[in-house]
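So for the sequence shown, this note's numbering puts the first residue at 18; every next one is plus one.
Treat the hints with care, as some may be off.
Only pairs whose alpha carbons sit at most 25 Å apart, straight line, appear in this in silico BS3-like list of lysine-lysine [as the list claims (entries may be wrong)]:
(1) K248 <-> K472
(2) K270 <-> K162
(3) K410 <-> K112
(4) K248 <-> K270
(5) K112 <-> K162
(6) K175 <-> K162
(7) K175 <-> K208
(8) K248 <-> K227
Quick caveat, the hints were computed from the structure, so don't treat them as lab data. Note that the structure is predicted; figures quoted are calculated from it, not measured.
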Amino acid sequence: MPPFIAPKKLFNNVNIGVLYTIVSAVLILLGTTIAIQYAKGGFRFTKKGFAPETGLLNANSFPTGSEVYIDGELVTATDDTLYLKPGEYTVEIRKEGFSPWKKQLTIQQELVTQTNAQLFPTAPGLSPLTLTGVTTLTTSPDGQKVILYTDSSQNIEKNGLYLLELSNNFIPLQRAPKQITTDVPVLSLEKADFIWSPDSSELMILTARKEMLIEVSGKVNLEAEQDISWKRRQVLSEWESEMYQREREFLKKYPEEIIHIATTSAKNVYLSPDKKRMLYTATGEVTLPEGIIPPLPASNTQPEQRSLISGGIYVYDREEDKNFQIGVETGTPSTVSKALLATDLFSSARSLETSPSAFTTLQATNSAETAKLFQAYYTSLPINTLQWFPDSKHILFAKDQQIHIMEYDGTNNTVVYSGPFQENFVYPWPDGSKILMLTSFSPDSPMNIYSVELK
């Protein structure tokens, strides 16, 4: 026979069980809430006291081990994560032997703000990449090669065209320029014009006596090469068609509003290596509309400029819909500017078969002008304006015998080299570890290519 339980005792047992369940549930819920908020940066003790809500600053730098100053106070070393009350902070990152990095950052509640500070050495090393002199040179579309001509070698057989491959090969002999043609005096290669194929595998050499198309992968005999002057225009149209198709695919990812400006009110439009940002010079006073895409959390908080002025140089970030003014065109504008080919982005694509005349935009009335237009399409070097650094986060330029690197939003303008050099040739190594320049450190020695070592 089961034991008899009085109703009052049973009721008390039930009440206690329910109470335990409720208390346990509340404690679990409270603990979970606190844990979630703590993970988001809440309920933290900062140097300014207890903060129920904070944001995160991921203070990272290249190289690491750099001092981090917040509002002038040393707080930690990179790489580290800090919890700060939401607000504006002056963040500075310093390391001995490197230029300091400084930026005004906005810390937002529960969001992570990264510094991604790239520090550049204050005393970079210099290394010669050529020794026999450089008379003329041209860079490839892929940024991996430089063709140069020299006629100052004491050994006549050593004069001619050389290929300098911009690779990180540690074998010295394989880093040296490779001769691809010997000099042919009757062709006057020092006066020749050069046009690269879009895939950087071929080079068109245009001289007054002969026009040639050579492969750059091996050594060739220019005297034995066929004259291709009869088909030059057709080859260039085929190349332009290929460039048009590629450009069309890249520009499709940009909002219609910035495409309209790029094709009607801008010049010298260059996409970053990762194709996510656009460098351009405005040719008129126009306004880029606000809110083209919904705002992204933890996006760049630097001041932007959407009211464009003629001659202003800007960078547009398509992922964050940010537009930063980073410079103004100064001096006499270059006679050559980059022309976009895909100006028909919102209509049917053209083809070489149906519209052969549509692919002559870069073909001028003379070879020299045509070569400049093709080269200006590939790189801003012939225009002597700002150019992209390989990491897509920095801009490279030369001014007043100084080489500068700054961030794409116009901050942290850093001088990485100051001294004699030809300002019309400053070019980044593909991985950003070096900068190439053309200089001579003696009045009696010829110009040579040197690398400014950044890493």
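Which of the stated hints cannot be reconciled with the structure, identified by number in ascending sequence?
Hints 1, 2, 4, 5 are the ones this structure does not satisfy, whereas the remaining hints hold.
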